[in-house]
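Engineer: Sequence:
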Amino acid sequence: MDQSLSSILLLLCCWVALTTCMSVQRKEAGDALSALDKENAKKSANSITEELARNLMEHLYDEIRKRSNSNEETISNFRRASSDTHRQQQAPKGLWGRELQPGNPPGLWGREASEAENTDSNDGPIPGMWGRREADDKNAHEKFQ
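Residues -21 to -1, 1 to 124 in mature numbering (1 follows the signal peptide of the UniProt record, and there is no 0) are what the sequence shown lists, from first letter to last.
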């Protein structure tokens, strides 16, 4: 009986080892199949995406070609108008965006030079520092001495 018990135990151990090995093999095969399915799914999705993108680009190209053929005159008119606009000379602008007259260079703050020099109504000496006249500055200097 001992021999039959040992053979039954040996047979049981072999069966456990075999089923464990088979389950591991099945799991590995399932993982491999799953990875293969995922790869095929990715390839399939990529090919579908590429096909959709290609069809969309062809459709857009056809639409653009149709519109450009029908609006060719409009496009040429637009190009002609935009080139005419760039050819026109605009008057130069001063510091604050005022247009300047052709003969007068800009003074301070975009005013004409003659306007910037004659800020006061009388024709006395040109204002010195802080907008005071030179005579005022001399008197101020004398006060501090």
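Everything labelled a hint here was simulated from the structure, so no lab data went into it. Hints should not be assumed to be uniformly reliable.
Straight-line alpha carbon distances no greater than 30 Å define the calculated DSBU-like cross-link-like pairs of lysine-lysine that follow [said to hold, decoys possible]:
no.: 1; residue 1: K21; residue 2: K6
no.: 2; residue 1: K6; residue 2: K22
no.: 3; residue 1: K17; residue 2: K6
Computed spacing ranges between beta-carbons, pair by pair [what the hints assert, rightly or not]:
no.: 4; residue 1: A8; residue 2: R44; range: 50 to 58 Å
no.: 5; residue 1: G9; residue 2: K45; range: 28 to 36 Å
no.: 6; residue 1: S13; residue 2: S(-16); range: 39 to 47 Å
no.: 7; residue 1: N25; residue 2: K45; range: 27 to 35 Å
no.: 8; residue 1: A8; residue 2: S(-18); range: 30 to 38 Å
no.: 9; residue 1: E42; residue 2: A20; range: 28 to 36 Å
no.: 10; residue 1: N19; residue 2: Y40; range: 45 to 53 Å
no.: 11; residue 1: L35; residue 2: Q4; range: 29 to 37 Å
no.: 12; residue 1: A11; residue 2: K45; range: 37 to 45 Å
Quick caveat, the model's predicted, so the values are computed rather than measured. Beta carbons: idealized from backbone N, C-alpha and C, even for Gly.
Engineer: Now look at each hint and say whether the structure bears it out.
Structural biologist: Cross-check of the supplied hints:
1. Straight-line distance between C-alpha atoms of K21 and K6 comes to about 22 Å, which keeps the hinted pair within the 30 Å bound.
2. At roughly 24 Å between alpha-carbon atoms, K6 and K22 fall within 30 Å of each other, so this suggested pair holds.
3. At roughly 16 Å between alpha-carbon atoms, K17 and K6 fall within 30 Å of each other, so this suggested pair holds.
4. The hinted window of 50 to 58 Å between A8 and R44 holds, with their beta carbons roughly 53 Å apart.
5. Judged by the Cβ atoms, the range 28 to 36 Å given for G9 and K45 is violated: they are separated by roughly 53 Å.
6. Checking the proposed 39 to 47 Å range against S13 and S(-16) shows it holds: the Cβ atoms sit about 41 Å from each other.
7. In this structure, N25 and K45 meet the distance hint of 27 to 35 Å, their C-beta atoms being roughly 30 Å apart.
8. About 36 Å separates the C-beta atoms of A8 and S(-18), a value consistent with the hinted range of 30 to 38 Å.
9. For the pair E42 and A20, the supplied restraint of 28 to 36 Å holds, since their beta-carbon distance comes to about 33 Å.
10. Range check, N19 to Y40: about 31 Å between beta-carbon atoms, so the 45 to 53 Å window is missed.
11. For L35 paired with Q4, a C-beta distance near 46 Å fails the hint of 29 to 37 Å.
12. As the Cβ distance of A11 to K45 is approximately 51 Å, the hint placing it in 37 to 45 Å is violated.
The earlier numbered hints that this structure contradicts are 5, 10, 11 and 12.
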